[in-house]
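Q: Listed below, chain by chain, are the residues.
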Amino acid sequence: MGGWAIAVHGGAGIDPNLPAERQEEAKQLLTRCLNLGIVALRSNISAIDVVELVIRELETDPLFNSGRGSALTEKGTVEMEASIMDGTKRRCGAVSGITTVKNPISLARLVMDKSPHSYLAFSGAEDFARKQGVEIVDNEYFVTDDNVGMLKLAKEANSILFDYRIPPMGCAGAAANDSPIQMNGLPISIYAPETVGCVVVDGEGRCAAGTSTGGLMNKMMGRIGDSPLIGAGTYASDFCGVSCTGEGEAIIRATLARDVSAVMEYKGLNLQEAVDYVIKHRLDEGFAGLIAVSNKGEVVCGFNSNGMFRGCATEDGFMEVAIWE
Amino acid sequence: MVGWAIALHGGAGDIPIDLPDERRIPRETALRNCLDLGVSALKSGKPPLDVAELVVRELENHPDFNAGKGSVLTTQGTVEMEASIMDGKTKRCGAVSGLTTVVNPVSLARLVMEKTPHIYLAFDAAEAFARAHGVETVESSHFITPENIARLKQAKEFNRVQLDYTVPTPKVPDNCGDSQIGTVGCVAVDSAGNLASATSTGGYVNKMVGRIGDTPVIGAGTYANHLCAVSATGKGEEIIRGTVARDVAALMEYKGLSLTEAAAYVVNQSVPRGSCGLVAVSANGEVTMPFNTTGMFRACASEDGYSEIAIWPNN
Chain Z
472 MGGWAIAVHG GAGIDPNLPA ERQEEAKQLL TRCLNLGIVA LRSNISAIDV
522 VELVIRELET DPLFNSGRGS ALTEKGTVEM EASIMDGTKR RCGAVSGITT
572 VKNPISLARL VMDKSPHSYL AFSGAEDFAR KQGVEIVDNE YFVTDDNVGM
622 LKLAKEANSI LFDYRIPPMG CAGAAANDSP IQMNGLPISI YAPETVGCVV
672 VDGEGRCAAG TSTGGLMNKM MGRIGDSPLI GAGTYASDFC GVSCTGEGEA
722 IIRATLARDV SAVMEYKGLN LQEAVDYVIK HRLDEGFAGL IAVSNKGEVV
772 CGFNSNGMFR GCATEDGFME VAIWE
Chain Y
323 MVGWAIALHG GAGDIPIDLP DERRIPRETA LRNCLDLGVS ALKSGKPPLD
373 VAELVVRELE NHPDFNAGKG SVLTTQGTVE MEASIMDGKT KRCGAVSGLT
423 TVVNPVSLAR LVMEKTPHIY LAFDAAEAFA RAHGVETVES SHFITPENIA
473 RLKQAKEFNR VQLDYTVPTP KVPDNCGDSQ IGTVGCVAVD SAGNLASATS
523 TGGYVNKMVG RIGDTPVIGA GTYANHLCAV SATGKGEEII RGTVARDVAA
573 LMEYKGLSLT EAAAYVVNQS VPRGSCGLVA VSANGEVTMP FNTTGMFRAC
623 ASEDGYSEIA IWPNN
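Residue numbers (the numbering used here), protein chains in the order written: chain Z, 472 to 796; chain Y, 323 to 637.
Just so you know, the hints here were simulated from the structure itself, not pulled from any lab data. Bear in mind the structure is a predicted one, so any value in this text is a computation, not a measurement.
Simulated crosslink set (DSS-like; lysine-lysine; CA at most 30 angstroms straight-line):
{"id": "1", "chain 1": "Z", "residue 1": "LYS623", "chain 2": "Y", "residue 2": "LYS437"}
{"id": "2", "chain 1": "Y", "residue 1": "LYS577", "chain 2": "Z", "residue 2": "LYS560"}
{"id": "3", "chain 1": "Y", "residue 1": "LYS478", "chain 2": "Z", "residue 2": "LYS560"}
{"id": "4", "chain 1": "Z", "residue 1": "LYS751", "chain 2": "Y", "residue 2": "LYS577"}
{"id": "5", "chain 1": "Z", "residue 1": "LYS738", "chain 2": "Y", "residue 2": "LYS577"}
The shape of chain Z in the complex, shown without the other chains (with noise of 0.2 angstroms):
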């Protein structure tokens, strides 16, 4: 017990048919994350630096819905957010509907280090970024071809449950051999979560955490998901680092990463019975995930979905990357 852990995931809610090179790949991925992770925190860099400097490796590789290969709006654009915490002090903070910045946690870590504020949005947020003289490309540099396709198909199985007049329902014109698996009301072979995050104590126990996504395939502009809230997408404080994926609804009417430190700050359970409480009371009919640290040295994941993208690591040498229970 004690000393630093991490952990990392690429979403929970996993389409079972998943093809075997694509999980390879993500399993990959997962790995090189976490054993860049792994030397950082050798290297005595503090968790919340570890924290970006992990999710900005999963934003910038395009496989998971983050940065580049974010999932599109119904405008075949990509619209960011994310958000930061840093468990010492409770520092945190938030950025969404980015477009041109390349990085968005690092956007959200300088809205938490350079600006007044824990939250910023839109323009707003853009104009911060150019201020601050972060990276920026156009934004078709998010766009992928897959997600180009992924749109598409979206677009043909659900036009109809993007028309806000009509109350939401499960798909009528999810393709036949799809799995009957549904995330948000809608077939899990295109709606996917696979936001990322990331979640790490440091050898001095302190906890961070940071979430990143480009949101749900085909939504409306300026619809914020539970990514960029902090206390339901994510949290940390002296006592843990929590990312959460899945529904967003969900996520946020539970208050989920909020939830997993209350219940150990306020009924003492541990890590791993904080986890599992909040994953088996807090979710009602709603499927997610988090991966989650304690300031001793503990590292969890939880999921009631089809399984979650994860990997995490521990200083005695523990070290696993899984897709399904």
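Got chain Z sorted already, so can you dock chain Y onto it with the hints?
A: Same frame as chain Z, now just chain Y:
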């Protein structure tokens, strides 16, 4: 004690004890009117969600509170409003940010909750959604008041982020203290124990364009579940870090504290002095309105006949 209860606020902050009558009386009158409106609605059996919404609409329409008309201005002299609403029984919620023309942000938040598969819409898209639904919109200038133009000028002059209720004085002392704060909110519970909360604001004077505060963040400025409903006001950044509204409920759930104990704990321990106030009601019809600032514009009433309208601490 079981019965209906309602509490509402018009912002917590460094409200000077010598607030002149011409500024104090209209606000007290507004609080009284909103309280009466809310109480009648509860008595006539309206669900708490409807009551919270209609009271906040009334506060948004009143130009002396920092929400809707009367919202403080961004650093560019514009208005960017945000709001959220939550239904305790179902935990469904809705939130909006970056509104510039929507007359009642809280009602748009409710529409997001009820008419979309999402929880939170912001900026241009939220405005477009409002128009698509035929929600009442007006020219942005409607929301801007001369008082707030003056506040912005003053804040710029002193070059610091500042919240509401600065009484313009010829010379502001260096340690004029914490920035002042304003938001509006309402929580209500009916005799069946159904709870709801709603909060609305224009944000911080001289805030950066695109700055989002605690008000639209579920768990920070607004929260409701089967135990209680909470609406917070104060320094947004502190309320977000402190997950204030959620923590009141979490303390009740996880530590078994009463509503009053939980709310007092959060205001005294989870956020710095001078940063926060909240109103909360419980499923049992209890009410509490703690704050750690100089004052908080507030009002409450419960079925047992208790009612209160106040600005500063009671003692």
